[in-house]
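Engineer: Next come the chains, spelled out residue by residue.
There are 2 protein chains.
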Amino acid sequence: MYLFSSILGIFVFDGNLNVVDEILFSTADDSKNREKFIEKIRSRHKSLKEPDEVIAKKILLHFKNRQFFGDFCNKNLQLTKSDVKNSVSDDVLLIQSISLIDDLDKAINLLVKRLREWYELYNPEFSRAVEHHEKFVMEILEKGKNELLNEISLSPLESFGADLEQENLEPIKSFVHQVFDLYQLRKLQENYISALMDRLCPNIKAVCGTLLAARLIEHAGSLRRLSGMPASTIQILGAEKALFRHMKTGAKPPRHGIIINHPLVSKAPEKMHGKVSRALSDKIAIAAKVDYFSGKFIGDKLKEGLEKKFGKW
Amino acid sequence: MYLFSSILGIFVFDGNLNVVDEILFSTADDSKNREKFIEKIRSRHKSLKEPDEVIAKKILLHFKNRQFFGDFCNKNLQLTKSDVKNSVSDDVLLIQSISLIDDLDKAINLLVKRLREWYELYNPEFSRAVEHHEKFVMEILEKGKNELLNEISLSPLESFGADLEQENLEPIKSFVHQVFDLYQLRKLQENYISALMDRLCPNIKAVCGTLLAARLIEHAGSLRRLSGMPASTIQILGAEKALFRHMKTGAKPPRHGIIINHPLVSKAPEKMHGKVSRALSDKIAIAAKVDYFSGKFIGDKLKEGLEKKFGKW
Numbered sequence: 008m009y010l011f012s013s014i015l016g017i018f019v020f021d022g023n024l025n026v027v028d029e030i031l032f033s034t035a036d037d038s039k040n041r042e043k044f045i046e047k048i049r050s051r052h053k054s055l056k057e058p059d060e061v062i063a064k065k066i067l068l069h070f071k072n073r074q075f076f077g078d079f080c081n082k083n084l085q086l087t088k089s090d091v092k093n094s095v096s097d098d099v100l101l102i103q104s105i106s107l108i109d110d111l112d113k114a115i116n117l118l119v120k121r122l123r124e125w126y127e128l129y130n131p132e133f134s135r136a137v138e139h140h141e142k143f144v145m146e147i148l149e150k151g152k153n154e155l156l157n158e159i160s161l162s163p164l165e166s167f168g169a170d171l172e173q174e175n176l177e178p179i180k181s182f183v184h185q186v187f188d189l190y191q192l193r194k195l196q197e198n199y200i201s202a203l204m205d206r207l208c209p210n211i212k213a214v215c216g217t218l219l220a221a222r223l224i225e226h227a228g229s230l231r232r233l234s235g236m237p238a239s240t241i242q243i244l245g246a247e248k249a250l251f252r253h254m255k256t257g258a259k260p261p262r263h264g265i266i267i268n269h270p271l272v273s274k275a276p277e278k279m280h281g282k283v284s285r286a287l288s289d290k291i292a293i294a295a296k297v298d299y300f301s302g303k304f305i306g307d308k309l310k311e312g313l314e315k316k317f318g319k320w
Numbered sequence: 008m009y010l011f012s013s014i015l016g017i018f019v020f021d022g023n024l025n026v027v028d029e030i031l032f033s034t035a036d037d038s039k040n041r042e043k044f045i046e047k048i049r050s051r052h053k054s055l056k057e058p059d060e061v062i063a064k065k066i067l068l069h070f071k072n073r074q075f076f077g078d079f080c081n082k083n084l085q086l087t088k089s090d091v092k093n094s095v096s097d098d099v100l101l102i103q104s105i106s107l108i109d110d111l112d113k114a115i116n117l118l119v120k121r122l123r124e125w126y127e128l129y130n131p132e133f134s135r136a137v138e139h140h141e142k143f144v145m146e147i148l149e150k151g152k153n154e155l156l157n158e159i160s161l162s163p164l165e166s167f168g169a170d171l172e173q174e175n176l177e178p179i180k181s182f183v184h185q186v187f188d189l190y191q192l193r194k195l196q197e198n199y200i201s202a203l204m205d206r207l208c209p210n211i212k213a214v215c216g217t218l219l220a221a222r223l224i225e226h227a228g229s230l231r232r233l234s235g236m237p238a239s240t241i242q243i244l245g246a247e248k249a250l251f252r253h254m255k256t257g258a259k260p261p262r263h264g265i266i267i268n269h270p271l272v273s274k275a276p277e278k279m280h281g282k283v284s285r286a287l288s289d290k291i292a293i294a295a296k297v298d299y300f301s302g303k304f305i306g307d308k309l310k311e312g313l314e315k316k317f318g319k320w
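Protein sequences appear in the order of chains F and C. So the mapping is simple: the working numbering equals the position in the first sequence, first residue as 1, plus 7. So the mapping is simple: the working numbering equals the position in the second sequence, first residue as 1, plus 7.
Since the hints were made in silico from the structure, they are not lab data. Keep in mind that this is a model prediction, so the values were computed, not measured. The beta carbon of each residue, even a glycine, is placed where N, CA and C say it ideally should be.
Just some of the chain C residues that point at chain F, by a computed CB distance under 8 Å: (1) 104; (2) 195; (3) 196.
Rough simulated footprint, nothing fancy, chain C against chain F, three-plus residues with beta-carbon under 8 Å: (4) 92-100; (5) 118-130; (6) 166-172; (7) 176-188; (8) 194-203.
Sample of chain F residues lacking proximity to chain C, with all beta carbon distances greater than 12 Å (derived): (9) 22; (10) 52; (11) 139; (12) 140; (13) 145; (14) 151; (15) 277.
Working from the sequences, and respecting the hints, build out all of it.
Structural biologist: Listed below in structure tokens is the structure:
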């Protein structure tokens, strides 16, 4: 008696290779968890064994029958669908969300520049006085022209700005509102990423901070791939162009990729950048491995070690 | 007795070039409407005359006195400020608003592409079925996955999309909301431009439609400059690169600039484009002149003439 399983179900063949018992799978999940069905069938028959190569070939001939073709096709489709469905894991969502933040930054930048140009017809002095885009948007959203001029110690009479009527101010106001909402959406996405990371990769998050951690995973493609990378690769993630220039022309190798955005690297003096990057990417590599294999939380210790060594600038 | 006016005020000099009477301006507006002050002073003195060149030079010496320096400086500043303030006319606002629409289009495009990529993890079939971006956004804003799949005659079981939990759907939803709001802002700006145009240039608007009219004014720089342009210039506004290539290398001259966006041109057969563009820019040139000098409304007649001739395709 031979036991044989395929994506269609579990089959028991006797010595003459005729089917004497079978359990057919009804859903894709069944065929993924076939162990419990195998146990069930083992309890019904004694001395079941796996077919050897010669027997297996003969058994396969049995499935060449046209009656199975449609079944195989459908089951395969079902399985593929379920695989595609389940491929959407936390890190895929994370990558979408961090890409959105990048796109939002681009869009906000474009729109704030336009907003300033327009608003400066009305109140140029205030726009020039507040360079920080987000602060500028918050302030003009909440306050009127006179109040804003007052903040930078100017009287309304001194302003070069035109006195726009209400109907010409309305479109600017709704524009400001929109830009403000975009900033809010950015914050919301940051929170979402942060929450995803608490589940997915608390250690990398602790070492790098939310945004840098998300960018690392985005560059690597997934947490799995990041966890498989040596520290030296992580160190220059995002500096591929410089790396290939180095390999081709012998120019200096890059010292860091996107991890330059980590405060420990960017605050260090120029000539220490390489050293700090090396140590940091070391810790990130450890953190990624621990996160991927769902180990315990050691991110705070990793970070502490780094800060003790390089936090003095 | 001589009458002499400057930005400080109106002065009356006697034969020995001493000041015998004066009216000083207090605001920038006064010096712009100096005629009424001149009349006032003329009523006080008889036989006032304008100084000839020799006398005028001597009078100017009088103002070389240091006591006037501060006054001149302040009055000049005041006048410049008021000029800057008043330079913000309807067409400046119009240009800002049409530029915003261009920027919004860029931002929306960027964000919708990101939205689709993200949303396709959840419901790929619907995203592929609805190509029109705005329609896509409207639909997924209002309806759930099953309802949407139903619209394209699919059952939820057939979808390749992942089943996301509520917490992973929320960030997508707030993103959709934001994109929808950007579309709303675009509509609002279009309405604003349309209202501005009814005041500023109803004739151009009637001939070209809101957006094309706004783009023409944007390219020309102002309504005044557009009204001063010959039809041939208007015809190739926005095709400057092709024009200079023509002038430098003798390549074919451009047949149209941004007026290609006018339905009469874009719907005409390829070989008629030049002819229709010529006729259209002719009418635009007329409309611009009528609008700038605030003539009556003839836009409908201009448009009718064009449509009678070229509306047959």
